[in-house]
Amino acid sequence: MSFSLESFQLGDIITGKIIKLEPTGVLVDFYTDQLAYVPLLELSLNEIQSPEEAVRLNEIREFMVVGNYDGKHDIFFSHCSPETLKDSDRLYEVALDLASEKSGHPINREDLLVHTKVLDVHRHGLSVRIYWFLCSQDHPPTVSFSIRKLEMRKAWERLRQLQAEDVTVYGKILNKTWSGALVKIEGLYGGIRSYVNKHKEQLVVGEKLPLKIIKVREEYNQLVLIHRSVSIRLRQLQVGQVVSGTIRGIKDYGVFVDIGDFYALLPTSKMFHPSVDNPNQFFKINDHLKATIVKLDPENGQVVLESYGSSA
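Going by the UniProt record's numbering, the first residue of the sequence shown is number 1, and it counts up by one from there.
FYI, nobody ran anything at the bench for these hints, they're computed from the structure. In this text, all values refer to a predicted model and were calculated from it rather than measured experimentally. Treat the hints with care, as some may be off.
[To be verified] No farther apart than 25 Å at their CA atoms in a straight line, the calculated lysine to any residue pairs in the SDA-like style are these:
no.: 1; residue 1: K184; residue 2: V169
no.: 2; residue 1: K117; residue 2: V94
no.: 3; residue 1: K154; residue 2: V224
no.: 4; residue 1: K295; residue 2: D261
[Said to hold, decoys possible] Simulated restraints, written as ranges between beta carbons of each label pair:
no.: 5; residue 1: K208; residue 2: D166; range: 18 to 28 Å
no.: 6; residue 1: D120; residue 2: K251; range: 24 to 34 Å
no.: 7; residue 1: Y92; residue 2: S127; range: 11 to 21 Å
no.: 8; residue 1: C80; residue 2: E218; range: 19 to 29 Å
no.: 9; residue 1: P39; residue 2: S136; range: 22 to 32 Å
Note that beta-carbon positions come from the ideal geometry of N, C-alpha and C, so glycine has one too.
Sequences and hints are given; from them, build the entire structure.
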């Protein structure tokens with residue numbers, strides 16, 4: 001059972017009493033004129049098979065108010081601020097186009113309710129997530145309630161704190177991906193960036209690794225980690241430093257150099273012969289070389305090199 005959007009604010013935290021446990025969810029008394037049904041999926045951040053694994057009868061719990069929106073879309077608005085965008089004609093024109101395209105017929109402005117969330121403020125504009133609700137007598141905008149979303153919010157807060165405090169976290173590899181591996185930290189899925197890690201091939205499903213958090217972006221549901229040894233090695237490096245390594249990979253766009261604990265990239269544009277069509281003309285696997293660090297990107301675990309002795 002859903003409730004009118006007018007009765008609640010999206011994102012609010014409200015308390016309710018668990019009145020009845022059912023196989024697929026619970027009935028909750030939010031001290032309104034009707035009980036709310038909260039499905040099993042929304043009772044916990046963990047995977048559960050029954051309500052009893054997450055709540056107890058007559059227990060008072062906190063829930064997050066979540067919107068039953070009809071659509072959402074991320075978009076960049078140039079040359080505006082959060083203040084100028086709010087309730088602007090420009091915002092509604094975009095939302096109307098998106099809603100009309102998704103529904104397959106024109107939507108009038110009076111039939112559309114728009115909520116926005118600013119994802120990022122750039123020098124020349126805003127990255128914004130638009131949520132829209134279609135409003136009519138037969139289709140009023142509604143909200144529902146979730147413990148899972150509340151636990152997710154708290155988990156993201158803990159992850160930001162762990163990142164700020166540079167805490168080592170431990171994650172078990174759930175499966176391997178093209179860029180590394182998937183783990184779960186604080187109940188949330190995260191990716192280990194190990195495409196620069198020379199030990200990528202040695203990752204084993206079920207193995208528990210010491211990790212450092214390098215990116216926490218709740219708005220994009222993005223958690224990125226790297227192996228602690230890679231993090232330590234990155235902090236020992238500086239732009240302008242000369243390093244020695246062994247070539248372990250050759251691509252059209254550059255070569256990957258093993259400089260200890262991970263691979264650094266020497267792109268073709270930073271070679272002595274940047275006009276070369278294929279680095280295979282000059283390099284072979286297991287060749288040793290010296291190079292200068294020209295870029296460090298700890299957030300993505302990347303190091304970019306140029307040929308030793310090259311001019312900037």
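Hints, one by one, checked against the model:
1. A distance of roughly 10 Å separates the Cα atoms of K184 and V169; the hinted pair therefore holds under the 25 Å criterion.
2. About 15 Å separates the Cα atoms of K117 and V94, which keeps this hinted pair within 25 Å; it holds.
3. About 18 Å separates the Cα atoms of K154 and V224, which keeps this hinted pair within 25 Å; it holds.
4. Between the alpha carbons of K295 and D261 the distance comes to roughly 17 Å, so the proposed pair stays at or under 25 Å and holds.
5. Checked against the hint of 18 to 28 Å, the pair K208 and D166 passes, with Cβ atoms roughly 20 Å apart.
6. A beta carbon spacing of about 31 Å between D120 and K251 agrees with the range 24 to 34 Å that was offered as a hint.
7. As the Cβ distance of Y92 to S127 is approximately 18 Å, the hint placing it in 11 to 21 Å holds.
8. Roughly 23 Å separates the CB atoms of C80 and E218, a value that falls within the hinted 19 to 29 Å.
9. Distance hint check for P39 and S136: the Cβ-Cβ separation is about 25 Å, which falls inside the suggested range of 22 to 32 Å.
The earlier numbered hints are all upheld by this structure, with none contradicted.
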